[in-house]
Every structure is written in C-alpha cells, then in structure tokens.
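J.: Each chain, letter by letter, is given below.
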Amino acid sequence: MANKQNLTPTNISDDPVPFLSQLGWKDWLYPIVLMASTVFAYSKYSQFMDAYETTFLFGAGIVFSLLGWSWKPVRLLLVGIATLSLLSINLYHGDLESVNHVFFLKFLIGSQTAVMWMNVLFVLAMLTYWFALFARSAFTGKVATSLTWTAILMGFVGLMVRWYESYLIAPDVGHIPLSNLYEVFILFCLITSLMYLYYEQRYATKQLGGFVLLVVSSAVGFILWYTFSRHANSIQPLVPALQSYWMKIHVPANFVGYGAFSLAAMVASAYLLVNKGILVSRLPSSDVLDDLMYKAISVGFAFFTIATILGAVWAAEAWGGYWSWDAKETWALIVWLNYAAWLHLRLVKGLRGPMLAWWALIGLLVTTFAFLGVNMFLSGLHSYGTL
Amino acid sequence: MRFAVSVLTVLGIASIIGTVLKQNEPYANYVIQFGQFWFDLFEMLGLYDVYHSAWFLVILVFLVASTSLCIYRNTPLMLKELRAYREQATEKSLRAFSHQHEYSTTQSLEQVRQDVSHFLTVRSFRLKTVKHADGSELIAAKAGSYQRLGYIFTHVAIVIICIGGLMDGNVPLKVQELLGQKTVESRDIPANEVPKKSRLSVSNLSFRANMTLPEGASADVAFQRVRDGYMVQELPFSIALTDFRIEHYPTGQPKSFESDLVIMDPDLKAPLKHTISVNHPLIYKGIAIYQSDFQDGGSKLNFDVWGILSPEAKPIPVSGTIFGKTEFGAGANGLQLEFIDFRKFNILNLSPDGKGKPRNVGPNVTFKVRDTAGQAKEYVNYMQPLQLDGRAYFVSGMRSSPQEEFKYLRIPADSNFEMQGFMQTRAVLFNKALHQEIASRFALKALKPSDDVAVKNKFEASVVQLLGAFSEGGYAEISRLIEASVPQKQREAAAQTYIKIITGAAFEAYQLGQERAGIKNVKVDENTQAFLQDSLNAMSDLFFYGEPIYLQMTKFEQREASGLQLTRSPGKNLVYSGSVLLVLGIFAMIYIRERRIWFLIKPQQKAVLFAMSANRKNRDFEIEFNRYQSQLTKLLQS
Numbered sequence: 001m002a003n004k005q006n007l008t009p010t011n012i013s014d015d016p017v018p019f020l021s022q023l024g025w026k027d028w029l030y031p032i033v034l035m036a037s038t039v040f041a042y043s044k045y046s047q048f049m050d051a052y053e054t055t056f057l058f059g060a061g062i063v064f065s066l067l068g069w070s071w072k073p074v075r076l077l078l079v080g081i082a083t084l085s086l087l088s089i090n091l092y093h094g095d096l097e098s099v100n101h102v103f104f105l106k107f108l109i110g111s112q113t114a115v116m117w118m119n120v121l122f123v124l125a126m127l128t129y130w131f132a133l134f135a136r137s138a139f140t141g142k143v144a145t146s147l148t149w150t151a152i153l154m155g156f157v158g159l160m161v162r163w164y165e166s167y168l169i170a171p172d173v174g175h176i177p178l179s180n181l182y183e184v185f186i187l188f189c190l191i192t193s194l195m196y197l198y199y200e201q202r203y204a205t206k207q208l209g210g211f212v213l214l215v216v217s218s219a220v221g222f223i224l225w226y227t228f229s230r231h232a233n234s235i236q237p238l239v240p241a242l243q244s245y246w247m248k249i250h251v252p253a254n255f256v257g258y259g260a261f262s263l264a265a266m267v268a269s270a271y272l273l274v275n276k277g278i279l280v281s282r283l284p285s286s287d288v289l290d291d292l293m294y295k296a297i298s299v300g301f302a303f304f305t306i307a308t309i310l311g312a313v314w315a316a317e318a319w320g321g322y323w324s325w326d327a328k329e330t331w332a333l334i335v336w337l338n339y340a341a342w343l344h345l346r347l348v349k350g351l352r353g354p355m356l357a358w359w360a361l362i363g364l365l366v367t368t369f370a371f372l373g374v375n376m377f378l379s380g381l382h383s384y385g386t387l
Numbered sequence: 001m002r003f004a005v006s007v008l009t010v011l012g013i014a015s016i017i018g019t020v021l022k023q024n025e026p027y028a029n030y031v032i033q034f035g036q037f038w039f040d041l042f043e044m045l046g047l048y049d050v051y052h053s054a055w056f057l058v059i060l061v062f063l064v065a066s067t068s069l070c071i072y073r074n075t076p077l078m079l080k081e082l083r084a085y086r087e088q089a090t091e092k093s094l095r096a097f098s099h100q101h102e103y104s105t106t107q108s109l110e111q112v113r114q115d116v117s118h119f120l121t122v123r124s125f126r127l128k129t130v131k132h133a134d135g136s137e138l139i140a141a142k143a144g145s146y147q148r149l150g151y152i153f154t155h156v157a158i159v160i161i162c163i164g165g166l167m168d169g170n171v172p173l174k175v176q177e178l179l180g181q182k183t184v185e186s187r188d189i190p191a192n193e194v195p196k197k198s199r200l201s202v203s204n205l206s207f208r209a210n211m212t213l214p215e216g217a218s219a220d221v222a223f224q225r226v227r228d229g230y231m232v233q234e235l236p237f238s239i240a241l242t243d244f245r246i247e248h249y250p251t252g253q254p255k256s257f258e259s260d261l262v263i264m265d266p267d268l269k270a271p272l273k274h275t276i277s278v279n280h281p282l283i284y285k286g287i288a289i290y291q292s293d294f295q296d297g298g299s300k301l302n303f304d305v306w307g308i309l310s311p312e313a314k315p316i317p318v319s320g321t322i323f324g325k326t327e328f329g330a331g332a333n334g335l336q337l338e339f340i341d342f343r344k345f346n347i348l349n350l351s352p353d354g355k356g357k358p359r360n361v362g363p364n365v366t367f368k369v370r371d372t373a374g375q376a377k378e379y380v381n382y383m384q385p386l387q388l389d390g391r392a393y394f395v396s397g398m399r400s401s402p403q404e405e406f407k408y409l410r411i412p413a414d415s416n417f418e419m420q421g422f423m424q425t426r427a428v429l430f431n432k433a434l435h436q437e438i439a440s441r442f443a444l445k446a447l448k449p450s451d452d453v454a455v456k457n458k459f460e461a462s463v464v465q466l467l468g469a470f471s472e473g474g475y476a477e478i479s480r481l482i483e484a485s486v487p488q489k490q491r492e493a494a495a496q497t498y499i500k501i502i503t504g505a506a507f508e509a510y511q512l513g514q515e516r517a518g519i520k521n522v523k524v525d526e527n528t529q530a531f532l533q534d535s536l537n538a539m540s541d542l543f544f545y546g547e548p549i550y551l552q553m554t555k556f557e558q559r560e561a562s563g564l565q566l567t568r569s570p571g572k573n574l575v576y577s578g579s580v581l582l583v584l585g586i587f588a589m590i591y592i593r594e595r596r597i598w599f600l601i602k603p604q605q606k607a608v609l610f611a612m613s614a615n616r617k618n619r620d621f622e623i624e625f626n627r628y629q630s631q632l633t634k635l636l637q638s
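Protein chains in written order, with my numbering: chain A, 1 to 387; chain B, 1 to 638.
For the record, the hints were derived by calculation from the structure and aren't laboratory data. In this text the structure is predicted, and so the values were computed from the model without any measurement. Yeah, the Cβ is synthetic: ideal placement off N, Cα and C, and Gly gets one too. Careful, some of the hints might be misleading.
[What the hints assert, rightly or not] Label-pair distances were calculated between CB atoms; the ranges are: (1) 408(B) - 83(A): 53 to 63 Å; (2) 137(A) - 592(B): 38 to 48 Å; (3) 397(B) - 170(A): 30 to 40 Å; (4) 111(B) - 36(A): 26 to 36 Å; (5) 170(A) - 181(B): 51 to 61 Å; (6) 637(B) - 70(A): 33 to 43 Å; (7) 76(A) - 637(B): 56 to 66 Å; (8) 21(B) - 228(A): 54 to 64 Å; (9) 170(A) - 340(B): 26 to 36 Å; (10) 97(B) - 134(A): 35 to 45 Å; (11) 592(B) - 42(A): 28 to 38 Å; (12) 360(B) - 42(A): 34 to 44 Å; (13) 134(A) - 604(B): 58 to 68 Å.
[Said to hold, decoys possible] In silico negatives: residues of chain A with every beta carbon more than 10 Å from chain B: (14) 29; (15) 33; (16) 87; (17) 163; (18) 170; (19) 239.
The task is simple: from the sequences and hints, build the whole structure.
T.: What follows is the structure, encoded as structure tokens:
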C-alpha cells in the first residue's frame, strides 16, 4: 500500500531533524549531571529508602531529564533550585533555630523567608507585566519574565527547605510539603506561573503575564492572609490517612489541573476583552488567545483526569472504596464533567467564540469551589485543609 | 448524544445535592433539621442517600445505555475513517478545500512522486498512490488517524467505569429489596437474632460493611448501613482483634491507628495473623479489611462521686463500664449513670486567644445521668484539671439534649491540684448548721473590738441570712434577695456590700473546712483569694448543673475497639481498566492531530495540486499548512 522504495529525494533541507540529533552537548550534559546526582543521592541515602522512595528518586531523575529536553529554560531553574536549597540546608546545621540567627536563612533562603520572597516577586512581576503591556515596552516585559522566574525559584527553594525543616522537627513528622492549604497554595502559584511561562515562550507573547499573574497574586494574597491572620504556615505532622506515597503523585497532578484551568480562565478574560474591542492593539489576536485557552484546558483536563483516578486508587487504600461520593470527590467529578463538556462542544461540535471563553471563566468558579469551597462549606473525608 | 449530555447534566446537579445535604445521617437528625413535612418529602425523594437512590441509579443506567448506543452507532464509521486514505478524491473536490495550493513544476512525474513521498514519509504521514487514466497520479496521505481511537476509548471507558460502579453500588440489593426478598432491619438487637430477611449471605457479590471489634473479641458478621437501618453481612471467616494501638506525635496528634487481627477460617491451616493500619488494608478471600475508625470497647472506670449540694465533703466511690449502667442512690432520689464514651487523649487548644498550640489534656468520660422520671442529662468530665487563663480547673460539660452545646462548669483545683479544697469549702458554706460559726469568726475580724454587742449580732445575723440564701441558690438567690428587700436606687451598693461579705465569709469557710479536714496552720496566700473567687462562682453554677452529683474519674482501665470496614468490590478492576482506557483516550483525542494531505500530480499541465485537511482546524493546523506550503514551493519549483 505505502510506497516507500527507491527514494532519493532532491531536497532534504526542510526535512524534520530527528529529536536526538537536535540535541547539543549542553542537552547531554544536563541529564548526565542530573542522573549522576541521582545516583550519588542513592549511594549516600539508599539505606534509608524503601522501594517506593528509590523508584521516586530515579523516576524524578528521568522525568526532569526529559522535561529539560522538552523545555530548556527549566534546566537552569532546576540547577538554581538545587544550588540554593542545598546551600540553605547546609546553613541550618541540623538546627531548626538557625533560621532565627543565620543571616542568609533569616533574610533570604530560609523556608518561610523564601516563600515571602516568592510572594513579593510574584506581585512585582504582575505589576511589571501590566506596566509592560501599557507602556508597550519589550524590555520591561523581559524584566517581568525574569521576576517571574525568580519568584518560581524562590518558591521551590522555600518548599524544598520546608521539606527539610519538617524532618528537623522530628524524623517521624517529616513529609513532602503538599499536605495542607498553605503548602498547596504555594504549589498552585508555582505550577500556574510555570505553565504560563511555557506558553509565553511558545507563543512569543508577554502580554498575558499580567492576566495570569492576577490569579497567582490572589493566591499570594491568600497565602499572606493564611500566614499572618491564621498562623497556618507551621508544619503539622501528617494524619494517618495522608501517610501514603500517593500524596506525592495525586496532589501535584491535581494542581497541574487547577493551575491549567486558572490559566485558561485568565486567558479567557483577555479573549473577552479583545472580543469587546478593549486593548486589542496590545493583546495577542483572538485566534492565539483561543488556541492558548484550548491548550491550557486540554492539559488541565488530562492531568485532572489522572489526578482524580489516582485519587480514587488512593481512596481505595485509605477509605475502603475507590469512590465514596465524598464532597471533594463529587466536586472533582463536577469539575471534570464541566471541562469534559467544554472540550466535547469544542472538539466534536466545533463550537468557538466568546461563549467558550465565558464558560472557561465561569469554570474557574467551579474549580475554585471544588478546591476551596468544599473545604470551607462542606464536610467530608477529604478535609485536610481547613480555613 | 444530546440526550447523553443532558443526562450528564442531571447527574452533575444530583451529585451537588448530595454534597450540600449531609448524607446517611441518622434519620432523627434530619427530622430535627427540616421538620416532619420536609423530612418526609426528602425521604421520598431519597435525598438522604442520593447516590444509592433508585432514580440516581436509573440515570446512571440511562447514561450507560445512551453512551453504548453512541459507541455502537459511531464506531464502524470511525474505524472506517481510521483506515481510509480517501484516495477517491477528485480534482474538483480538492479544489473546493479551504487549504490548497497549486504548484507549477518542471520536474518529471517520477521525481515529483519521489520528492512528495519522501516529504510525507519523513513527516510521519502514511500514503497511498493511485494512478488515474489521464496519466495523473493522486497521492493520498494521512497522519494521526489514531485520534479517532480517542473517541472510542473515552466513550467505552465511561461505559466500563459506570458498569463497574453499578456492580459495586448496591444495585443487586436494591433489586432484592424491590422484589421483597430483603428488608432493612432497624431494631437494636443482637446480630444473631436478626431475621434471615435482613441478612446478606456470604455469596453477596459486593458490599461495604462495618464492624466494631473490641479488643479480645471476634466476629463473623459485619453491618451494612442502609437508610435508617442496617443489614447483617455474613462473612466467610471470622476476625478477632488482639490489640488496637494509637500512636501519637510529640504534639499529641494521632500518628497511626493499627489493629492486630487474627483471621480464623476453616480453610486455613493456622489462623492468619496480620496487622492493618490506615492506608494498609488486608485483602483476604477477595474481601478487603480496612482500618476505618476506633472507639471505646468497654473501658472500666472508677469515680469519686461528690454530692455537690450536700453539707458533706466525702466522696462515694463508684465504678462503671463504658456502655454499661450503674445505679447510684436509691428510691425517689435514685439515679442511673449511663457511661457512653471514654477518651484517653484529648487534644485541645486552651490558649486564651486560640493561637497557642493544641495539646493533650488527658482523659475524659462522657456519660448520662438519668433520674427516676426517665429524664437524662449528658455530661462530659475531664479527669485532670485543665489550665485555663493560667489557673487549673476541673471541667465538666453539661447539656440536656444532643442538639444543645455543652455548657461548662469550672471547679477550681486546690493547691494540691485536687478537688478536696473546693469541696471542703463548699460543704462548709452549704452547711446551714455552720453559718453561725462562720459569721462569728468573720465578725471577729470585720468589726472593731469597740463595737457593741447589738452591732455584732446584727452583723452576724445578716451574714447568716446571706449565707443561707447563697447556699440555696448561689448569686442568683442573693440577687433575688436584693430585689425583694432593697429599694432600686440602693441595689448596686447593696450588691457590692453583699459580695464583699460573701467573699469574706467564704474565706472563713475555707479555713473552717481545712480545719475540719484536720489540717492545722492553714496557709493563706495570694492564690487563696483567686481560688475562693473561682470557688464562689463555681458554687453558684452548681445550681444549674442539673444533677446534685459530680463524678470525678479516679482510675481507668482502657479497652479499645477498632472500627473495621469490610468491602468486596468486584467492579474495582473494571473501573481501573476503564480509567486507564479513559486516560489513553483523552491523550489520543487531545494530542494526536488527524491530518490528511493529497497531492494530485498532473504531468500534462506540469502542475501539482496540494490540498490539506483536518477534522479539527485550529491554529496548529494553519501553521502547519503554511509551513508545508512554503516548503513545497522550494521542493517543487526549484
């Protein structure tokens, strides 16, 4: 059927280059260093690790290698996180009190301090993005992007060091910082802005930064309120139901979903503005916005599906059934149905236009309710973060 | 499909109801919450267990049916599309495409065919060549055809997941109930007396049942909650609990719940010993046994019972068992103590602003005191004094009905952190025979030696009167006394004077109480004053405590019970495989882009017609088309 023989093409200059041939020496150096560090960590700490943790360690090495290949700037971020986190951990000297008297920990890279820097930088980045949008300044846009990257760096350092801190409290208290609202809100800020930066590069547009960082800054506002008004930023030991390796997978997968849906909603708001003739000359065309919104929802939907399924598998281990119609589960289903319908209408019925943008925007309300509202207003098994 | 989407919408709304209205509460709670009328209506609609109500299941079945129908109708078409190259496309139809371009070329047919084939192949297109009678050739190519599988996978997945879910839901039970073969038991009777109609046999396909096993006990049945009653689920083995453990973090929060189980089964050579914990169930004979919760399993408790209104300061020892009843006193004043729950650890945040750290405040006991008329009040007493606002108090909560919040009585602990000091002072103050003695002692201190006998007598009389009132109803009685005998304008001043007198008298009562207890050289310091102030407040509150006794726990021997959940869910694997299919399908649908390309090579006109289409035209497609178009210009016109 297929005609493949005797091909002697005349012009091969436009042929797609196979992926591995595209890689330069830097692309190889990065995974080699990463895997070497992984092996080093394993050789040093393997006696403390069980099979799951070993799998996670090497799995992380492989995943971040591939991620570095598919999106190059992430390599620098990873190196930065590793350097600052190790430096910070080193400064602790195994004493939780160090954070109060070691200069660098107190003012720069202690866990809470790094998170505070993240907060400040995100808000600054948002203002800078808006300024760049109105001043049509490419340079300011670049500054905003750098600020966002730095905020992400500080946020991840904060989480890493917090992870370490939790073990300093007591070895049995130690756990990955994904267990309460304070921690997952940081994760939310990081994932949402990282995804935004990815699309910023792919679509070569910095005009949406202000929009996306608006939702990130709201999350920052929540973190600040939660820290100063509720003092909920302290590290709490894990309740028995959360002591599971599933937490390391279920929670981040869910937040890729939440982050992507928020990103889509903010892009949708930009789309609606353009549609109404506002800021048209400053924002990307509605085609680009529409496409970006679709891409974000697709990624979000895929990850949200995986997260919900993994949640069900975890529930089967922890609660005695993969589906208990718990409030959080049910709302996850509603969010899922909402975006499934969105995608269905777009992909199958070919629906386009402001209606989908409005829907994506309202979808954020549904998502926010599933994420926060359930914790605030409804009771159930999944009450790990309370307000 | 429109039907399926509407069904999904209804499903979504129904699900929301279930999250807003608390599910599977005891029916009495709903009656209290909604009133009888709404309760009946909601019950009829099955709103107390939405997800297992008949109409909800019917929606699910409709969803399965309509999705299946959708798959049945569209799959052959999709598979045909997946395989087809559409090589029948004519020049006319290709020209009608929105994405097409004609190139003029000087190259030979063979050269073009070769270049174009190569062009397509390196871009992962699969192609088919058709020679036409007029000497032209059509190359039909396609890529990303497996996108179509995405539709099939996702829809099949939804059907599989729903079927799995329906299997594990209580559909079989529902059917049996409708046929009248099974009924729900709502009486509180031992499991072995439950009639066959309310028992589910070992062969029951799927269930989710609960079992509460005290340490040292064993059972071979579990209970499945159905609406306002239950059914007995028989098990193919019996489970014994040898030990239940809770470990705590240094902060007092629970760290782990573990049950040491022994499975006894005639099929086993030796009993199977296994420890389960949260996140680590045991699966035996297809039945998963989970650590679900825990409660008291009948702890033995010892109490000192203090008469709180009597002129005595001697406690009566009483013992009891959780879930047991103990008679106290006899005749018309007889009381029945019903012990409900014992908790060894209580993590409370007692800091005044609520910002401090929660900590373990030690054991408490919940019990009811029932009088001969059958009226009961519920109490919760803490064994050890709690630190409140920097001082130590014995705390007891009281309420007359489960809807009320507990109201708390705080009895100050004495300098030895015991109840003795308070009870001695109280016994003296509430003992009318001693009021004259208190008054005399107080008069000695309060009056100058120069005051004459008449003044002294008057003073003593008023002290005795005040103490009499206080011992009959606390400050409330004093205020009644004031209202009855003092003109309005002077009441404030009188109240202040009276409180001063009571406080002074309490000081004497305290010393007298200590002396009566055999303590010489009663020590008095700044704490005494605060202690007495708290004592007077507590004594006043005793009149609202409901019953004339206070139970102080002195000893406990804890016996715990582990709450197990037992499930058999044959649909689980179906649901999991459906989930895998769903993920594959979603990725195929979103990330595989189906595109078709045609090249009509026309040697006579020295032209090549390039046309491209996709079932989803989006920005990526436009970009790809434009790229190919310019690449082909180079390729064909060079």
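J.: Each hint needs a verdict: does it hold in this structure or not?
T.: Structure-based check of all given hints:
At roughly 55 Å, the beta-carbon separation of residue 408(B) and residue 83(A) lies within the given 53 to 63 Å, and the hint holds. For residue 137(A) and residue 592(B), the hinted distance range of 38 to 48 Å is satisfied, since their beta carbons lie about 40 Å from each other. Taking the beta carbon of each, residue 397(B) and residue 170(A) are about 33 Å apart, inside 30 to 40 Å as hinted. A beta carbon spacing of about 50 Å between residue 111(B) and residue 36(A) contradicts the range 26 to 36 Å that was offered as a hint.
Restraint check, residue 170(A) to residue 181(B): a C-beta distance of roughly 55 Å satisfies the suggested window 51 to 61 Å. Between residue 637(B) and residue 70(A), the C-beta spacing of about 35 Å keeps the proposed range 33 to 43 Å intact. Separation of residue 76(A) from residue 637(B) is about 43 Å and departs from the stated range, judged on CB atoms against 56 to 66 Å. A C-beta distance of roughly 36 Å is found between residue 21(B) and residue 228(A), which places it outside the suggested range of 54 to 64 Å.
Separation of residue 170(A) from residue 340(B) is about 34 Å and conforms to the stated range, judged on CB atoms against 26 to 36 Å. Distance hint for residue 97(B) and residue 134(A): a CB-CB separation of about 42 Å, consistent with the stated range 35 to 45 Å. With their beta carbons about 36 Å apart, residue 592(B) and residue 42(A) fall inside the hinted range of 28 to 38 Å. At about 39 Å, the beta-carbon gap between residue 360(B) and residue 42(A) stays in the expected band of 34 to 44 Å.
At about 60 Å, the CB distance of residue 134(A) to residue 604(B) agrees with the hint of 58 to 68 Å. Look at residue 29(A): its CB is around 29 Å from the nearest CB on chain B, clear of 10 Å, so calling it non-interface holds up. With 10 Å as the threshold on Cβ separation, the claim that residue 33(A) sits away from chain B holds: the shortest Cβ distance comes to roughly 30 Å. The claim that residue 87(A) lies off the interface holds: its Cβ sits roughly 29 Å from the closest Cβ of chain B, which is beyond the 10 Å cut-off.
Residue-level check passed: residue 163(A) sits 17 Å from the nearest beta carbon of chain B, beyond 10 Å. Distance check for residue 170(A) against chain B: the nearest CB is about 6 Å away, which does not clear 10 Å, and the non-interface claim fails. Residue placement check: residue 239(A) does not keep its beta carbon more than 10 Å from all beta carbons of chain B (closest about 7 Å).
Going down the numbered hints, you'll see the structure goes against 4, 7, 8, 18 and 19, while the others check out.
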